[in-house]
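K.L.:
Listed below, chain by chain, are the residues.
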Amino acid sequence: MNFDDTPQEAAFRAEAKAWIAANAPKQYEDELKTASLGRVRLKDANILQVAKAWQKKKADAGWACLHWPKDYGGRGSSPIERVIWQQEEGAFGKLSGLFIIGHGMCGPTMMAFAGEEQKRKYLPPLASGEKIWCQLFSEPAGGSDVAGLRTRAEKKGDNWIINGQKIWTSGAHYSDYGILLTRTDPNVPKHKGLTMFFLDMKSPGVEVKPIKQASGQSDFNEVFFTDVKIPDSQRLGEVNDGWNVSLTTLMNERMSIGAGVSTGFPELFDYCSSLMLADGPAIEDRNVRSRLANYAVKASGLRYTSLRAISALSKGERPGPENSIGKLVAGSMVQEVAMYALDLQGAAGVLSGPEDAEVAGKFQAMLLRSPGVRVEGGTDEIMRNIIAERVLGLPGDIRVDKDVPFNKIP
Amino acid sequence: MNFDDTPQEAAFRAEAKAWIAANAPKQYEDELKTASLGRVRLKDANILQVAKAWQKKKADAGWACLHWPKDYGGRGSSPIERVIWQQEEGAFGKLSGLFIIGHGMCGPTMMAFAGEEQKRKYLPPLASGEKIWCQLFSEPAGGSDVAGLRTRAEKKGDNWIINGQKIWTSGAHYSDYGILLTRTDPNVPKHKGLTMFFLDMKSPGVEVKPIKQASGQSDFNEVFFTDVKIPDSQRLGEVNDGWNVSLTTLMNERMSIGAGVSTGFPELFDYCSSLMLADGPAIEDRNVRSRLANYAVKASGLRYTSLRAISALSKGERPGPENSIGKLVAGSMVQEVAMYALDLQGAAGVLSGPEDAEVAGKFQAMLLRSPGVRVEGGTDEIMRNIIAERVLGLPGDIRVDKDVPFNKIP
Amino acid sequence: MNFDFSDEQKQLRDEARKFLTEKCSPKAVRAVLDGNADYDRDLWKGLADMGFLGVAIPEEFGGAGAGHLELCVLAEEMGRALAPVPFSSTVYLAAEALMIAGSDAQKQKWLPKIAAGEAIGTLALFEGPGNPSPQNIKLTASNNTLNGVKKPVADGAIADFAIVAARNGSSGRESDIALYLVDFKAGGVEATALTNVDPTRQQAEITFKNCKAEPLGAASEGWSMLMRVLDRAAVLVAFEQVGGADRALEMGRDYALDRIAFGRPIGSFQAVKHMLADMYVSATLARSNCYYGAWALSTDAGELGEAAAAARVSATQAFQHCAKNNIQVHGGMGFTWEFDCHMYYRRANALALGLGSLTYWEDQLIDRMRKRNAA
Amino acid sequence: MNFDFSDEQKQLRDEARKFLTEKCSPKAVRAVLDGNADYDRDLWKGLADMGFLGVAIPEEFGGAGAGHLELCVLAEEMGRALAPVPFSSTVYLAAEALMIAGSDAQKQKWLPKIAAGEAIGTLALFEGPGNPSPQNIKLTASNNTLNGVKKPVADGAIADFAIVAARNGSSGRESDIALYLVDFKAGGVEATALTNVDPTRQQAEITFKNCKAEPLGAASEGWSMLMRVLDRAAVLVAFEQVGGADRALEMGRDYALDRIAFGRPIGSFQAVKHMLADMYVSATLARSNCYYGAWALSTDAGELGEAAAAARVSATQAFQHCAKNNIQVHGGMGFTWEFDCHMYYRRANALALGLGSLTYWEDQLIDRMRKRNAA
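Residue numbers (this note's numbering), protein chains in the order written: chain V, 1 to 410; chain B, 1001 to 1410; chain H, 2001 to 2375; chain A, 3001 to 3375.
Among the hints, erroneous ones may be present.
[Unchecked claim] Distance ranges between label pairs, derived from CB positions:
| hint | chain 1 | residue 1 | chain 2 | residue 2 | range |
| --- | --- | --- | --- | --- | --- |
| 1 | B | A1010 | H | D2300 | 21 to 27 angstroms |
| 2 | H | D2258 | V | A45 | 43 to 49 angstroms |
| 3 | H | K2138 | A | Q3135 | 38 to 44 angstroms |
| 4 | H | D2258 | V | A14 | 55 to 61 angstroms |
| 5 | B | E1117 | A | D3254 | 49 to 55 angstroms |
| 6 | B | K1192 | V | R152 | 42 to 48 angstroms |
| 7 | V | D270 | H | N2143 | 43 to 49 angstroms |
| 8 | H | S2006 | A | Q3135 | 54 to 60 angstroms |
| 9 | V | A45 | A | I3100 | 52 to 58 angstroms |
| 10 | H | D2258 | V | S273 | 45 to 51 angstroms |
| 11 | A | A3301 | H | Q2135 | 42 to 48 angstroms |
Worth flagging that the hints you see were computed from the coordinates, not collected in a lab.
Ideal Cβ positions, reconstructed from N, Cα and C, are used throughout, including at glycine.
Take these sequences, add in the hints, and give me the full structure.
P.N.:
Next comes the structure, spelled out in structure tokens:
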């Protein structure tokens, strides 16, 4: 049991470190480090431009999408090299936030189901960040029940005509392309009537509207489709086999590790370390200490769980769905942490303006953003189901809609 | 909003108070007061004899089963008078523990379904505690799914022949009679093939075995039936209508209020009030205080919830299933309280012998008994279902066994 | 025993609910949330016309003289409706302080205006982070002139007057703290609204510069009067919290019945059912604790201190719990600005802090239980 | 990086599990539970023969000299199997103390016996309620003679020797505390077994009356050596706790798959599924914290103090959580003596206290995190 790199790993790390030291946009490092929950923003610069520039620079030097084949704009690296890169890239990795969906979900799906020409055409600019992709699965009627989607695709000659609405599409407003899951046959059970496509987001009939979140920010969009035309050549997988195609996408989402979930603990510990309460330093208050200790072991537990997953990777093993505990634990924890931090501030905890609030309103922002964390990318309840079914092997929920034609489901 | 009795209530209270002061077995009061979770025991006396004597005394003076009709050994009191009696009887009420099943479940079922002669014959001695009754519903295969029971009753002439096994029967070993739920038709869906009887527990073929609990005590029994004969005249309700009969019984169980669940909080507060920790009185330790406050508001919340239910009674309203929160909250709380009390004792918390352990091992006994509280009379999960369905009106669970003949269910 | 509200009080509740459903729809609340108004003036006027603002104010001072049980009933409804008006600062804090400590002249001047909706009052207590305690009060008073800064002050920038806790001694004892009444017209008062977690209830910073003030009550008893005001307000705010918790629970329940996923209402999944059952449990425990608080408040019983702290702790937990999990039951939609869930979440977290933190009240509860046991 | 046990260590685990499945069945554990034996002598002998007792003892002292990662692996298996033997007291406490502080002669005398299963040792630290702290140690030592009472002492009434924490000064400083080694044959030792929550592991009271003892290590460093022993033991006990938690989780999972209610496996109800998922989560967090502890223990890293406290806190919570809810998943049957659930519940609650309470270790964790941040 050790934390040492293998010689090859060490060599790779050194190379990455050196290149990053020489090329990373240092001027934003501090701002990126302190960025809290939700979409990262920069005070005096357009995050999109900064991110695209950094991604392009990485791509030109062969540091983009490391685990992708060279032909498609990657480096053909091993999973562990990818993790080492993430460790070395550190705060600058937050600039990749805009590409995560494209690199983590759309790319792998294209790689698995697009034609060779299409791959050579679309993947390199996706890897280099010149083109941004989004994922169009969720719908208002869908929610956790992704396969319940209603967006219709009807064949007209060599084209498909799309009508419907998607929601929770992150980055749709600045995306160039998207992968789209549609219903092509409502007369069969819901998982059997879906088909996947990719499309140009600039196509006529595509309308993007930002969603204002409970937190007041807008990290997501609604996307409306009115008679949008997609050539059959942009179909991914067989007609009505879209559900299986989408599983590839979702699996890849869950595979991404080391990314590190935010628990809010480091922020809370720092805050308590300097905070003075009525009768002494907060850090010496036994109630504070007990709360901190309980959060501390969750935070460290998650950290070491991901180190174990990385070790599995480095041995060429495939880390299992065990990783889904990260989001489950961190989601409700970050919310509790925020509430407790406000509690420690007393009545003034209600103030959220950067100038009036403690530590620039960090915890107030955390409080307002945290409910989303328990929902996005799978609710706590879905995560528990995943753990219970895939890890512990317990039976799935009873599916009343299993063999019912979609258009017969209430 | 006030805590005052109406004039009638005040008069009744005064009468009860006076009679109890003059007649209660004072010598056991302290012991009864400090009795913790589980079946009450007395050091130098047989609890069964003491309890029966007190019950008989009450009956002779017209203080037994107050809400029952006079003809059946009761007093024809209003529900609120019954509560006032319980308040005045105080710790002596714990002596009624042995009769709770009989008075709370068997009696009402007999009243609703037995013939007039049978009622006049069986109910008065039940009320006076001369005869003790038990309830034979649960089975090893049943658990939360009571209607899944397998004990067979087959008609032979004017008799029914019973074969099978019951479990979790409290007091079976000292009971004279019992009400018994059996399966009379396995070829119909499970709720439709049940029939209820009452029987003499001394009947040939009835064998009672105590169950040793995880806590080491034995508060319950298994009861085995081998070709036990029950005359058809002791059938309660129609053949195959036993499920509806049993609902009467179970409803009555849930109706009993004011009984007061044990949360362990008063014991913990007293303990902390005198306990010294390394750096001062426990009660001044901010961690202890926060824990205590959280338990305190649960305990007081339950206390006042039952006062609200009593007020409803006193207005002649029927308190709803809201009362089922009591057991749900208290069950897991008493377990947490016990664990925390041991934690406060440090390594010595592991000692459980009355002479070596803190406060005579009260909290160690609580720790070992508490898991049962979360299960007996409906698990936490069943309680949450009851609240969700009967109080909040949410849908029942999906029932795969609903219309399936019993003998076709896995 | 009747541990419940009277039929008349229940009628008042129905009346208030009907009124608020009409005059204080989510749409109305959003007008303030979105910053189109600092509070809902029409609603405020309406509450005055209904006689709600002065329900607990004696008739001789222009109120209805009904009592505090009636005020508890109204507080619950205000919480349910998220009423975007300075009700708690004006009615639970300013009016209560005046009734406890005010001179006849002071009562005559302000209480009728409060009842008529013509004056907004508040309590200026906090000076930045921290909970109520004498040493946290730095604002000075010398010959009735105040200098210092209070923040946050609920509804401070829309208030006409404030009860101010000030330091007029340096013995380090509670007796250093005195209460003053400041008419904002008097000058020397500068109030600015501050961004806060719940925009439907204003928070402000108030700077007092050589500000003339009149003493409220005996100087040396400032602190004990303040504690009494906070205890009484704690019960009333707890009713607002219970009202909010109940509403959040209902919203979650209704959505769980409507929303279909996997071919069935999500309310048929135990994960959702049991989440809602647990919300019901904490809301019920809080309500019961509040009823005891209401009894103690209305009878000014010796138990008030303990009852208020228990109601406060229990109701704070319940509203935060229900508001948080109401969003969870709603899933993604619950996290949109468009759905109302977040308005309850914001209010729950704001009310949790307004009179001092949960931890502070836990501490108060234990102190008071110890006193009782000692007695 | 390889943040995992090596293949050899995993082989050792399989070997140990195979051995314990055979030699330490629930039936064997019950023999001790029911009081038919004070510990399982055959098992103890078997562990010696397998070389498990001396796995971390250097070869020169009759051990296998394998190391502490191997000992962590074994500890987990001992926890899984609820092994009713004095393993933790003898191996984690007594042997560790000897290896840290013992003279060559002391090591030569006792370590080989431990490895051979011929000597049971323990640590006599506690004197009634309370956590480890110098002022809680009243037992006196003057010219190597001990007087006082220790309680509880794990396996005290079956031990052949003990490491005793004693007071040999009254400066009120940690340096007043020294460690001594007492051979129970020497006399002046009276040990009685005491009833405890987990009868499968003995707890005793030991009275030392004019008992001759040899100093262990430098007198003035008694307390710091003791702290070091406790930190090392904390990691090892944490592995026992994780082993127990995992087993309790498996028992619950298996029962949820077997047990049919309402016509379906109870494991298909979300209430049960999610309870088990949450058990899995805490067991996984604990395991990961323990791995870090194992690394720090085996490398004697400066992080040991913090890592040990984190492993201890996390594993204590996990085992208590899993043992408690394993009973709940089993419903009524889980509360019978006949089912094994309660044996895990008892062990979980006993291990939670053995080295000092959860609260104590939470406190230690924060102290150590502060030190690191200060550094």
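K.L.:
With reference to the structure, classify each hint as holding or not holding.
P.N.:
Taking the hints in turn, this is what the structure says about them:
{"no.": "1", "hint": "B:A1010 with H:D2300: 21 to 27 angstroms", "in the structure": "holds, 24 angstroms"}
{"no.": "2", "hint": "H:D2258 with V:A45: 43 to 49 angstroms", "in the structure": "holds, 44 angstroms"}
{"no.": "3", "hint": "H:K2138 with A:Q3135: 38 to 44 angstroms", "in the structure": "holds, 39 angstroms"}
{"no.": "4", "hint": "H:D2258 with V:A14: 55 to 61 angstroms", "in the structure": "holds, 58 angstroms"}
{"no.": "5", "hint": "B:E1117 with A:D3254: 49 to 55 angstroms", "in the structure": "holds, 52 angstroms"}
{"no.": "6", "hint": "B:K1192 with V:R152: 42 to 48 angstroms", "in the structure": "holds, 45 angstroms"}
{"no.": "7", "hint": "V:D270 with H:N2143: 43 to 49 angstroms", "in the structure": "holds, 44 angstroms"}
{"no.": "8", "hint": "H:S2006 with A:Q3135: 54 to 60 angstroms", "in the structure": "holds, 59 angstroms"}
{"no.": "9", "hint": "V:A45 with A:I3100: 52 to 58 angstroms", "in the structure": "holds, 56 angstroms"}
{"no.": "10", "hint": "H:D2258 with V:S273: 45 to 51 angstroms", "in the structure": "holds, 47 angstroms"}
{"no.": "11", "hint": "A:A3301 with H:Q2135: 42 to 48 angstroms", "in the structure": "holds, 44 angstroms"}
Comparing the model with each numbered hint stated earlier shows that all of them hold.
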